[in-house]
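In order, the protein sequences belong to chains F and E.
Going by my numbering, the first residue of the first sequence is number 8, and it counts up by one from there.
Going by my numbering, the first residue of the second sequence is number 10, and it counts up by one from there.
Bear in mind the hints are in silico, worked out from the structure with no lab data behind them.
It is possible that part of the hints are untrue.
Stated by the list, open to error - With a straight-line cut-off of 20 Å between C-alpha atoms, the simulated EDC-like cross-links for lysine to aspartate or glutamate are:
#1 F/Lys84 x E/Glu209
#2 F/Lys97 x E/Asp278
#3 F/Lys10 x E/Asp278
#4 E/Lys284 x F/Asp14
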Amino acid sequence: MKKHITDFTIVDRKSYGPNYFALTLQHPDSMPEIVPGQFVEVEVKGTREVMLRRPISIHDVDYKNNTLTLLVQIVGKGTRQLSELKIGEKLNLVYPLGHGFTLEGEKVLLVGGGAGTAPLLYLSKHFASKGVKPTIILGGRTKELIPVQEPFGQYGELCIATDDGSQGEKGMVTQHSRFAEKYDRIFTCGPTPMMKAVARHAQANGIECEVSLENMMACGVGACLCCVCDTDEGHKCVCKEGPVFNIKKLNKWMEN
Amino acid sequence: MLEVKLHNLTLKNPVMTASGTFGYGEEFSDFIDISRLGGIVVKGTTGERRQGNPYPRMAETPSGMLNAVGLQNVGVDAFCSDVYHRIKDIDTNIIVNVSGSSIEEYCTVAEKINELENIPAIELNISCPNVKKGGMGFGTNPDMAAQVVGEVRKVYDKTLIVKLTPNVTSIVDIAKAVEAAGADSVSLINTMLGMAIDVEKRRPYLSTITGGLSGPCVKPVAVRMVWQVAHAVNIPVVGLGGISCANDALEFLMAGAKAIEVGTANFVDPAVTVKIVEGLEEYCNRHGIKDINEIIGII
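One chain only, chain E, in its complex shape (with noise of 0.2 Å):
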């Protein structure tokens, strides 16, 4: 009832998890069966260990918070030999958000995560707003969008998901041009980007100064942006953004995402995820819907 593809990629449900907000799946294995979802989008991996932006990180805003982690990882070669041995025989599709600060590096970690045998996809971070070096700077600008992903795609060929930033005047033009240069599919949003003061102690919340908001405050305009690339792109499209429950989801199937991620909320609710998978199981029953794919992109 819930089955959908992502290219050549089947989820058992739409419902995944968002990079960065579920670890490697395993620090949530003691609130729920990951195995009940539909994909995990683990941590941000790089070329290279990074330690990442000072502390503080995170600011909490009005129905959102801000971050500037600044892809702290272990790095793809002990994600290689030591991560992916711990998680590769859970049950469901493990996905790896690629991230880095030059093609070069972008392609080495593909490379390398393309011999993983039980890592189906990888999710190309071109929209970190939280490194100095590369990140958003490829992801807004269409040339060098589509310039990142056509290197990437010679070197892997599994399913490529491009995570796009909504920190651009055309999300539209950027899709299309990721699309063009070879994706498979597309994820968006990535955070927003946006700054917060201390008054009192007169000073940004962020080391950082700006950082990316997430949370329900961004959800409107993930839902909006989700809708005109879905209808601009022939590629699934995998929406995100401030999701918190099984309307949420519903909301990004409707406007044409195939496939939606959990951010945010798994730091509210550790077991929301699965929630959402019962929520939208309720909703089918309660509607008479026999195969979700029935409701995605009616709007």
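Bound conformation, chain F alone (with noise of 0.2 Å):
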């Protein structure tokens, strides 16, 4: 799959709450593929403090309006400095990169926290072009940490699980009622000790489980070998072995 260096244009901003935003952008001229779970690395100007790019998700890819939404948390430097970007100004992205989700399965479930619900919408929406209508658990500690909720109800089943009840049902998202029925294909994306829960829950009932795995980067192409993780084969480049890894691969990350 051809990676791209692209000038997008940001045709619309929108906030989720104090620390997510929404970022929508359009292609020049028209937009290449993208996978669902692939990611681009998105140059950030301005500051001597941030000299990389920085690695998001995709969100949503729009082919018909040539445009892709990148939802962002504000977790530091880089990531201030983007919320700050407004609707008409350029933004360099390098795309698509990295593996992206195994696009099979009838009964399938999709299991998001936090930032890591990025990538789930975009895969339920593939799902649903399918005719697949997705089971999607999103968790979070309160439903003000869910950032986006609302999309994801057109493509599948939305179900919310929250620590302290505020939405849904109270717990974590493997407790939810819906968790523990039979899919054929588990995808998961968030909190690593979520993705772990869920990735020894896959295993331990021989479900097909795909994780979507973050870590420090810098290249974005499997270049400089900072972002590895350590699997079963040795350490692999999150950056372009993932960042989707079958569990299969992944049984010393699990048990960590």
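With the hints as a guide, dock the two chains, each given alone in a separate frame, to form the complex.
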């Protein structure tokens, strides 16, 4: 899959509470194919503290309007800088990067938490377009910490789990009443303890499961070898061999 | 106009890529035509496959980054049987960075690379700060540096570039020692040993505590060292350290480097190397320079 460097134009910006925002970016010509689970490396301009690009998951793709949407959590100087961009400004992306989700399954479960909900929207959209209605469980400590919910409803059955019971079922995503059903594939992205709990359940029940990992990155293309995950096959780049991994290769990761 | 010679190696232009920042070149072929570069220096290669250091291996610092990859690579045998065949027909000089933990290991790798027809040079890495054994240990002592270069020289008959560490009292002494031991060229600088601490977590950012600093923040140090070494040795100098645009490259050339390598900047802009080539052409045209060698070492 060919990678590109392109200046996109910001055509929409939405805030989701104090810590999340979404940027919709328009491609100058025609958007190349993007697989759900792939990510972009965004150029951040203007400060000496931020030199490297920032890896951000692709939240949505709209081929008709030539746009893609990034859902970003403000976690440091780079993402703070990105949060100050305005509609009409340009943003340089290196994309599409990494190995996305395996787009198979008839009865699929998507489990997300925090910023990890980002790639699951485009994945839900993909399944819906194939006539598969995914079950989507999004979790957080409180309802405010599940930034984007409503768009998921159009593609699948949306379920919410919150630790404090402020929305949906009280408890963790793995305690949700819909979690333990028999699925033929589970896809998860979110905090590491959540993904490990989901992965262990899938493994114990013989369900195919893919997790989308996040590590500190520099190049984004598998050259610098900074973002490695300790897989059963040795150190693998999250940016190139991932970010999506089948848990069959992650026994060491699951144990730690 | 941009052609330069490095010992008996002809580069179509002085722009090469730094080891460990450009993979095997393939990773960047979607973004640029790699054959437009003067050369590519591929990932540090050791006698055996190495897993490198544990994550986290990287920390961003002002105008730079620390890394502690620790020479993760497929090993020389897999390089020769697999990687080499994928990249050997790229129309540029493909140089292998040779690393090791012992003189025997350096010699074994160099000897095997010597057999590969389309690899016209090696860059002997006696300056990696991120491995416990060997690496920088060889590059911080003139006698040790001369010894490893002398032994590799016996088994390697093509262009031998030796990559030097800046983490020494006098880089000139090391450069002179490796020149006397048979090096055809020296490249400098490898990363500077550094450290950064996450004060919220009260622990270092890197799993190895210390790591190698690279990026624009090291450039003035690198230019100074290239200038000092270029005046002290008779072999060609390859300059690197924080180069991210044509003007940076020109500083190194004027300081005395025959060629340059671009490293960390590849992470910021995967097409930067070709932009530097174009920038050098533009500079020469603007100043009426017919041959880039006219400005090499003018300081």
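Looking at the structure, which of the earlier hints fail to hold? Per hint list: zero violations.
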